[in-house]
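Asks: Now for the letters of each chain:
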Amino acid sequence: DTAVSQTPKYLVTQMGNDKSIKCEQNLGHDTMYWYKQDSKKFLKIMFSYNNKELIINETVPNRFSPKSPDKAHLNLHINSLELGDSAVYFCASSQESLRGGYTFGSGTRLTVV
Amino acid sequence: GIQVEQSPPDLILQEGANSTLRCNFSDSVNNLQWFHQNPWGQLINLFYIPSGTKQNGRLSATTVATERYSLLYISSSQTTDSGVYFCAVWSPNAGKSTFGDGTTLTVKP
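Chains A and B supply the protein sequences, listed in that same order.
This note's numbering numbers the first residue of the first sequence as 1 and each following residue consecutively.
This note's numbering numbers the first residue of the second sequence as 114 and each following residue consecutively.
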């Protein structure tokens, strides 16, 4: 029944490792997003995909690579993890016709040690 | 890009009190949402309100798009209302939602 699901919920890893976070939505939305929430709670968009096509790519290090195999999935792969990557990563989806109208996943808390 | 300012940044209330949270934005928007991030980190959609007024129980929201602001009213606050409240605006030029920095609400018993 979960509308937007992310896995894993928690991820602890060492510097230099490569990790992936998965996101799936069953709402039939055509747009998916990745947001990063830092320790000060600020929410910043990273990427947006519409029907599997990248439409927004904010100023994000190229160690971060999103992949959308279909419009229901948007995964985030991170190479060579750094301490500063520690944050909560939220996936969201929306229907373009609603101009926003986000539904968020429950977040993935990434801790790099 | 569009600027979104929320006020106040922090708010402490006694249980049962009322409060008003404000969201100002610097450009025309097609949509505005209010979210509540609870102490467990979940982001819950409260209102999808591009204009006008909506009510849901003790919460209500008003957006005046022509004057570029929205208000979230919380009446008879409860401890479970604690958390961070975000507004997010959808700008047609940006093609994405931009979030304000949030208002952290603490309701004391």
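Careful, some of the hints might be misleading.
[Claimed, not checked] Restricting the straight-line Cα-Cα distance to at most 20 Å, the calculated cross-link-like pairs of lysine-lysine (PhoX-like) are: (1) 209/B to 71/A; (2) 9/A to 36/A; (3) 52/A to 209/B.
[As the list claims (entries may be wrong)] Negatives, chain B to chain A, calculated, CB over 10 Å: (4) 127; (5) 139; (6) 182; (7) 215; (8) 219; (9) 220.
Note that these hints are calculated values from the structure, not bench results.
These figures come from a predicted structure and were not determined experimentally.
From the three backbone atoms N, C-alpha and C, an ideal C-beta is built for every residue, glycine too.
Asks: Decide, hint by hint, whether the structure agrees.
Replies: Hint check:
1. 209/B to 71/A: 17 Å, holds
2. 9/A to 36/A: 14 Å, holds
3. 52/A to 209/B: OK: residue 52/A and residue 209/B at ~16 Å, within 20 Å.
4. 127: Holds, because the least Cβ-Cβ distance between residue 127/B and chain A comes to about 23 Å, which exceeds 10 Å.
5. 139: 17 Å, holds
6. 182: 17 Å, holds
7. 215: 6 Å, violated
8. 219: At roughly 14 Å from the nearest Cβ of chain A, residue 219/B sits farther out than 10 Å, so the non-interface label holds.
9. 220: Fine: 18 Å to the nearest Cβ keeps residue 220/B off the interface.
Against the hints set out earlier in the document, a violation occurs for number 7 only.
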